[in-house]
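Peer 1: For this one, chain X is given, so just place chains H, Y and V on it according to the hints.
Read off the chains here:
There are 4 protein chains.
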Amino acid sequence: MTDQATRPREESAAARWARFKPIRTGDDYVASLRGRDVEVWLFGERVEEPVDHPIIRPSINALKMTYDLAVDDPDLATAHSELIDAPVNRFLHIVGSPQDLVMKNRMQRRMGQLTGTCFQRCAGLDTISVLHSITFDIDAKHGTGYHQRYLDFMAEAQRNNIILGAGMTDPKGDRSKRPHEQADPDMFMHVTRRTDAGVYVTGAKAHMTGGLNSHWICVMPTMNMGEADRDFAIVGLVPGDAAGITYIYGRQSCDTRAMEKGDIDQGNARFGGQEVLVVFDNVFIPHEHVLMDGEYEFAQDMVARFTAYHRASYVCKTGLGDVMVGAAAQVADYNGAEAASHIKDKLVEMTHLNETIYSSAIASSHEAKQLPSGIFMNDAMLANVCKHNVTRFPYEISRLAQDLAGGIMVTMPSDADFKNEQIGPILEKYMKGKHNVPVEFRQRILRLIENMTLGRNAVGYLTESLHGAGSPQAQRIQILRGMEVERKKGLARDLAGITEE
Amino acid sequence: MTDQATRPREESAAARWARFKPIRTGDDYVASLRGRDVEVWLFGERVEEPVDHPIIRPSINALKMTYDLAVDDPDLATAHSELIDAPVNRFLHIVGSPQDLVMKNRMQRRMGQLTGTCFQRCAGLDTISVLHSITFDIDAKHGTGYHQRYLDFMAEAQRNNIILGAGMTDPKGDRSKRPHEQADPDMFMHVTRRTDAGVYVTGAKAHMTGGLNSHWICVMPTMNMGEADRDFAIVGLVPGDAAGITYIYGRQSCDTRAMEKGDIDQGNARFGGQEVLVVFDNVFIPHEHVLMDGEYEFAQDMVARFTAYHRASYVCKTGLGDVMVGAAAQVADYNGAEAASHIKDKLVEMTHLNETIYSSAIASSHEAKQLPSGIFMNDAMLANVCKHNVTRFPYEISRLAQDLAGGIMVTMPSDADFKNEQIGPILEKYMKGKHNVPVEFRQRILRLIENMTLGRNAVGYLTESLHGAGSPQAQRIQILRGMEVERKKGLARDLAGITEE
Amino acid sequence: MTDQATRPREESAAARWARFKPIRTGDDYVASLRGRDVEVWLFGERVEEPVDHPIIRPSINALKMTYDLAVDDPDLATAHSELIDAPVNRFLHIVGSPQDLVMKNRMQRRMGQLTGTCFQRCAGLDTISVLHSITFDIDAKHGTGYHQRYLDFMAEAQRNNIILGAGMTDPKGDRSKRPHEQADPDMFMHVTRRTDAGVYVTGAKAHMTGGLNSHWICVMPTMNMGEADRDFAIVGLVPGDAAGITYIYGRQSCDTRAMEKGDIDQGNARFGGQEVLVVFDNVFIPHEHVLMDGEYEFAQDMVARFTAYHRASYVCKTGLGDVMVGAAAQVADYNGAEAASHIKDKLVEMTHLNETIYSSAIASSHEAKQLPSGIFMNDAMLANVCKHNVTRFPYEISRLAQDLAGGIMVTMPSDADFKNEQIGPILEKYMKGKHNVPVEFRQRILRLIENMTLGRNAVGYLTESLHGAGSPQAQRIQILRGMEVERKKGLARDLAGITEE
Amino acid sequence: MTDQATRPREESAAARWARFKPIRTGDDYVASLRGRDVEVWLFGERVEEPVDHPIIRPSINALKMTYDLAVDDPDLATAHSELIDAPVNRFLHIVGSPQDLVMKNRMQRRMGQLTGTCFQRCAGLDTISVLHSITFDIDAKHGTGYHQRYLDFMAEAQRNNIILGAGMTDPKGDRSKRPHEQADPDMFMHVTRRTDAGVYVTGAKAHMTGGLNSHWICVMPTMNMGEADRDFAIVGLVPGDAAGITYIYGRQSCDTRAMEKGDIDQGNARFGGQEVLVVFDNVFIPHEHVLMDGEYEFAQDMVARFTAYHRASYVCKTGLGDVMVGAAAQVADYNGAEAASHIKDKLVEMTHLNETIYSSAIASSHEAKQLPSGIFMNDAMLANVCKHNVTRFPYEISRLAQDLAGGIMVTMPSDADFKNEQIGPILEKYMKGKHNVPVEFRQRILRLIENMTLGRNAVGYLTESLHGAGSPQAQRIQILRGMEVERKKGLARDLAGITEE
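Residue numbers (full-length UniProt numbering), protein chains in the order written: chain X, 1 to 501; chain H, 1 to 501; chain Y, 1 to 501; chain V, 1 to 501.
For reference, chain X alone in the conformation it holds in the complex:
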């Protein structure tokens, strides 16, 4: 691993913040990523400037939209922060009411509609929420001062309008062993050294959404821990360009189409998601940015609260679902089939499934309850129900969209053929659908559906819908725990006339 020569490893909190200046627009955001001293690998090579890499750029554009939306639609995408008494981007807002959570969901759906992909800022947003109550609760038990550190960090974060990424998933190694039992301790992130100024951590965070596009990363435990796992019970805030961090970029279906000429075959050329493996090799965290250190008994709660927030955040997929419905309706139109009753019926089915997801998410937010720290948390049962539907319905919506698209979606020649002088005209002639609709429009909408059902954004719309924020079985376990089966057995016995004494 190359070392960032210009920067001391044991950097102070102030020095770290000093590298930032307030971001307002999307362009400010893109500028803020430029020239950072980060080590990034993609296809076996160091990436000099991620901002200019054609594969990486669409993922940056998706995050950029979170800034642009705040400018364009402040009612939706900003909120008043009591902490700094100023409007802040809603992605940095501390949840003050159920309505805040509902507004968050609406913004997430809108972002999904505008980008058609994973815009990578939700895990961080939900981490902000979790940290509020967890630091408060730890302090209450242990007399620590984490909550104030958290508030101080958040004030800076809001003032500078930065992006916080969530580093949660450890590689886990042998799944039958606890963190401290692993042959290689790095399988879970852990403290390797303690100094007067702070702690050093080593480990890795897998499939970190938007990791490279975040200014700061919050590392935190991925599951419940026991006393012997103390050194693994670490929560800390680190700038993405801290010494010792390496990013290895995850590849996606059809990723290299972004390197081809033209924008048509990409389907959605402007926006994409991003998952990276982030490796920490003795990365320093100053005390001011440590929010848990050894209070292992809070790890489980932290994960549970995170999933309560985050499983409802999958409402973003209804924004993508809106795009799918629109794309399917549009392609039926271009194919001249929009009036067929089975076409309309399939669009209704897609919408029904999509709105079912939406309702579970916002129900979960509306039903939020206040925690001792004052923050509100989603209803956990409904958040799990939401996410569980997300593991199913986008697949069916996607199947129906492919149904409406027709087989041409997967047999259409490349755009380079359409642009070729000799065969381009032949393709124009034979690929013509409905009169008056340019062949290119049909090409574009077909490629968009391909992009979302097989290509780059299928990663976000399908597979991430399955596994993000916990795989289907994780939700089933939570539903089992929360289903109050004993109470329900009582209801049944009462009605059946069973009286036990």
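Hints may contain errors.
As the list makes no split between identical chains, a pair holds if one copy fits it or if it spans any two.
Here are the simulated PhoX-like pairs of lysine-lysine, each with C-alpha atoms no more than 25 Å apart in a straight line [to be verified]:
id : residue 1 : residue 2
1  : Lys261    : Lys429
2  : Lys177    : Lys429
3  : Lys172    : Lys434
In short, the hints are calculated from the structure, not lab data.
Peer 2: Showing chains H, Y and V alone in chain X's frame:
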């Protein structure tokens, strides 16, 4: 049709109210139904006193519970009425906020849990809501005085704590013809005569839920109407014992088990639903109780608003779903199979489906919008989504409950055999499940599942879930109308890079 | 238990056969059941003559049809028996080829179409098949003479054209204990005494399909057994009127409608299923009719082979499915809704699901393999797949049929009301659907759908589809065993380029 | 369009066959494709030698396997041809019995298992079957000599062991217009000129499976035609290298991974499918190779028979399904999760769905009926049912496979990163799953699942499953036509006791 000899046909509004006195408890309610001068038919015979008829009584018990719950849990089942400045039963409350609708849903789920059946008071409740805004809107356009009449009626209704039933579904006759085109005009309820005091109506209202158990009936149009249908555009409030009304009781699966000895084979002996055909033969409505008369252009809106409220009211089925989950878990327990992973997994699936319904309902309520009259109305899209899920999931929940019950549910001998001196002991010996569980407990829980999946309450849990408040296709039509497909096509075109000028 | 006074308990095989004479027609069959000395209980009372009991008779009619069909359509419902060199009813035919199994399936579907219910003769038919190979295999290992006994019995059975019922399911008691470990040994049928002439057995067979309508019963083990369970490893053939047998009739949804006046409300007045608890109290079986006695190691195979045959026999439900499709199409017609595209689409979906079941069944039969005894056995994987689809699709078909029927299916008054002088005409007026269709036709078709989705025949169409021949989990276990996962992992590794040395 | 300079446009049948010599092995096949004078376009460029193009080669390998399998497993993949009295590849065999169709299905499943993709030879195989009966029937009506021409061609085809491709799908242009009404007549292939020696045709055949890998192409109508469409009712056999043909290659998800270094990221590096647009510009067909010319009334039957055969050919997807089950089981194993009950349950579900498809296919073949020409044809209802299940189940199987794979499937870095000196070891460390399993194995199996659910072979496993041989609605229309609804209504009326006179 026999005529109620003791009562003038053209009765005044005051005379009608004079028959009531305030109801507080469930027992008061039952007493209020006793000795009414009503003509009721069941199995081809006049029923002397419906309250004492073993088939009818369980349906009365279900409504009785709406009173008892208000006493036992006033936070849930009562609300403060601004109209009379006093607490009222929530089933008579005028919706003042989204939270009122959410509380309504919670009460409905609770009622479902407590009765395991259709408690028949929701259509009336939702009618109360619709009338508030429709009378207001008609007045605004036509300068009529319906809204005040409505408020006056509601004040009395609240003071006396009566039950209002909704008479909506006309027989419709030839479905290809409009009301005024029917060979027999009675296929849709219509005004037959007008006097200084009021109007006379003739027609019938089909499958009226709890019709016989209501004190008052609101008759109203079942679909949109045109100018030529003026006489059919009638909304009026009539006491259930008005002269000219005949009730013909609908039969249900296993209804006659209520006439057998013992309570076990009924499954849920205490509670049942009720659907009646209510025939109106020149029934008088005084002007004070007429809320629409000829304003045909509001019929469509009235139906649309009714379904927005009522399709979310199907949240009650999640209360029945809770009973199903409990019964399935309990029977697995009695069978000694509760630890099997596939059993737990099926309980989780049942819960997941049930909570999905719940979330659509309360999301629809939380997202309610205020109408000009000041009342709040459910989000229509989410209400339709809720009801559409209700047309599917209870069937799957029911199938899973039967799976856990085992085949014995449909092969078990009658309770009379268990009680027989000679073969009772043989049955006790061979029907024994898990040690320590009395055979009777197993009998009871199996009969409860039979009751809800094949018997009397399957009518409410399954078939009514399909058709109540509109059959599945009705929801699909509403979803199609509300799905904003043009806006979504625009989202897709934007992402695909399609720009039309 | 009353004792049959006129008959010695230790009856010879010859004496037992002497009570029979060849049956040819359905009427002969009904006559053969009349006047038998059997003890039958229903609703806590002894039934004097089951043939004349209105609740029992429809189940006899269903079996009667197996005889009538053989007369009316001999190509379908008879086959040439090599054993007696004569045509025999196909329900008694020994399977000589895959084509025989396919013809069996076609006959089963046809029987389902003609009766709309469980015709109760398949478990016996499949038992005949299993005994052929199992007796052969036991003889091969132990040098016993069971196979010849079996052939002798079958020759008599074919000559007399009798019905053999399958007595398989033991009550099982504490499911965590093996047969010999049960506190009460009667929880599994077992030999209580051995004499020179034969053996005595005690125990019970639960939910025995058509038990009372069978001339002979084959008792056999319900699951695998170990050496200590020797006395429970008994297979024997017993006439239904043997001394010591008691029948306790299982009740079904809506069973007592058969006691009401008129045939309309029954939905399907002629045909019904039957499940009885058959109790054996020291019932004698002469050696000639014992086909296994202590060869416990064959119990598991016997069950496995039985399920291979019997799970494909659930093809009969496609005959009921045909009736459902027809009834749904007919009711849509009577309602005047047959032209709507969503109606047609639902009929297509019902058909698609129904034919999917059919294809698994006949595929399983076509793919049958020959066993050492010379008989052919269904492909086990496909038989399990067939049955597993049967645990799902009839529920969805049923839901769709209810969708097409409309809510009136569960709110329509009793036929007694339609027949009443006073209100009958009112009902005629208001229940009128499409012009020219008598109201009674609509009543009848609605009651048929009620019968098959909630009433007596829902037991056979739904719950028995779930649990008969093994509950869903039983099929999943068999699919897991037969799925050759190691071979399939090899296929995947080959394509992925994984080479292990 | 470039012209093949070396070849006369009006080539004789003999001259065309003269270019072939008998193919025996897969290597012979590959050699036979080399050096052909064909015009192929891909990514806007002419492809010099398709056999050596890394994107095209995997599709050739899949077809190569049809030859290798015939050598390795002749019982499965060859049959005795009565036509030439010699064994022939089963893909060229004329169906002589239902068993031939069943063997075809087994071979197709095996080919799916061996290649994990579309092996492109089934449409041609099913065309061979259709032509047998259609030419016979045309001759019978019109006294033409097409059937003998067909037999002569088939004798040559079998002797040379060539691949015949099916050119069916016309571009169709404006879907509301018949062929002869199109503004551009080329929207449907048609005869442009007739000479003494034969006919010239112009038009295009869209998404032609394996078009470039076929030696001969059969062009034929894509739908029913009327008298005015005579010139479009043309069936002819053309060598793939005939003058006037241009191939434009369809692109697929992740196609360019085949151009990258290494074989891991391709998932299935050896095998892929192929769809091409084949453009015909005045291509000559000598009379000997014309099999229909103007007999428009047979076009509809031709399509109907083709779909009867071809919809059952989708059984090949069960071979891919076997790979999916194996890959999912294998990845669960590598992840150390294979013992979890929910994992096993998902594998069972995948298998159940897969075998359901299989059973519909082989049932359709076993139930084949003989046509007048002597050939056997699949049962059409069951073939449609098979294909309709194929439009659904692979999507669910695919979803479940992704579930078992875990999110890492879409976030794993490229193989180039694993091979990199500096970060390769870091990836090795952190991507380790179960002890003893090389990280590369996990990489490979994950990439295989990606390949089949999102990548190149998802085209064949998913989208082609949806649209190949007709989109879902096409099957529903066929099911509607074949469902005999009137007969089924009669069954329902009989049971309901409805007698009309």
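Peer 1: Which holds for Lys261 with Lys429 at a C-alpha limit of 25 Å: within a copy, between copies, both or neither?
Peer 2: Intra 23 Å, inter 37 Å, cutoff 25 Å: intra-copy only.
Peer 1: Given identical chains, is Lys172 near Lys434, meaning Cα to Cα at most 25 Å, within a copy, between copies, both, or neither?
Peer 2: Classified as between: cross-chain Cα gap 10 Å, same-chain 54 Å, threshold 25 Å.
Peer 1: Up to 25 Å between alpha-carbons, please classify Lys177 paired with Lys429: within, between, both or neither.
Peer 2: between (62 Å within a copy, 16 Å between copies)
The structure fails none of the hints (numbered hints given earlier).
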